[in-house]
Amino acid sequence: MLPDNEVMIRMLNNDIASLQSTLHDNQEKIARLHKAKRHITGGQDDLSEYKNLIKNPDLTSESWAGKHAAEFLDIRETIDNAYNDIVTIQVESILQGIEDKISQLENANLDLSDDISSKRNRINHMHGA
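Our numbering applies: residue 6 is where the sequence shown begins, and numbers increase by one.
These are computed hints drawn from the structure, not numbers from a lab. We put the beta carbon where it would ideally sit given N, CA and C, even for glycine. Watch out, some of these pointers could steer you wrong.
Label-pair ranges, simulated between beta-carbon atoms [claimed, not checked]:
no., residue 1, residue 2, range
1, R37, Y88, 22 to 30 Å
2, I99, H73, 34 to 42 Å
3, A70, K106, 28 to 36 Å
4, H132, G48, 49 to 57 Å
5, H29, R81, 47 to 55 Å
6, Q95, D20, 52 to 60 Å
7, H73, E111, 27 to 35 Å
8, H29, D85, 43 to 51 Å
Simulated crosslink set (DSBU-like; lysine-lysine; CA at most 35 Å straight-line) [claimed, not checked]:
no., residue 1, residue 2
9, K106, K42
10, K106, K34
11, K72, K40
12, K60, K34
13, K40, K56
14, K124, K56
15, K60, K72
16, K72, K56
17, K34, K56
18, K124, K34
19, K106, K40
20, K106, K56
21, K106, K124
22, K42, K56
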């Protein structure tokens, strides 16, 4: 049978390995979230660039008038409003959600690092005892 300290040290080392695995998984998730954020931001920039295409072609009373022209302009305005909602509110909400998750994972990693350090200190103390 192993002395109590050796059993405890093994348990602590197993805990450390598990915590390190979780920390590594979180770091990978953070990297993927940063990559997703970059892609979404790039897409948001692209959407913003193309927004003015909604207003093309420019319609004047000389080029098109009447009931159908008014309906078309109403539809165009609805599309413009929806486009604005997507480019600003919805994308910003997604980006904020990503930032929140990154912060949550970074805070979890700080806690995990503290736990790992604490367990290593306990092991060092047990070796000295």
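Legend entry - Hinted pair K42 and K56, Cα distance within 35 Å: Within the cut-off at roughly 21 Å; holds.
Legend entry - Agreement of K34 and K56 with the hint, judged by alpha carbon distance not exceeding 35 Å: Roughly 32 Å separates the two Cα atoms, so the pair holds.
Inset, instruction - Confirm or reject the claim that H29 and D85 have a C-beta distance inside 43 to 51 Å. - result: Holds, since H29 and D85 (Cβ atoms, about 46 Å apart) stay within the stated range.
Inset, instruction - Check the following: the C-beta atoms of H73 and E111 are separated by a distance inside 27 to 35 Å. - result: About 55 Å separates the Cβ atoms of H73 and E111, which means 27 to 35 Å is violated.
Legend entry - 35 Å Cα cutoff - pair K72, K40: Measuring from Cα to Cα gives roughly 48 Å; hence the hint is violated.
Inset, instruction - For the range 28 to 36 Å, tell me whether the beta carbons of A70 and K106 fit it or not. - result: 51 Å, violated
Legend entry - H73 and I99 - C-beta distance against the hinted 34 to 42 Å: Holds, since I99 and H73 (Cβ atoms, about 37 Å apart) stay within the stated range.
Inset, instruction - Starting from K60, check that the Cα of K34 is at most 35 Å away, please. - result: 40 Å, violated
Legend entry - 35 Å limit on alpha-carbon distance, applied to hinted pair K40 and K56: Holds, at roughly 24 Å.
Inset, instruction - Would you mind confirming whether the straight-line C-alpha gap from K106 to K124 stays at or under 35 Å? - result: At roughly 27 Å apart (the allowed maximum being 35 Å), K124 and K106 satisfy the hint.
Legend entry - 35 Å limit on alpha-carbon distance, applied to hinted pair K124 and K56: 55 Å, violated
Inset, instruction - Using the beta carbons of Q95 and D20, state whether their distance is inside 52 to 60 Å or not. - result: Since Q95 and D20 have Cβ atoms about 42 Å apart, the given range 52 to 60 Å is violated.
Hints 3, 6, 7, 11, 12, 14, counting from the list given before, are not met by this structure.
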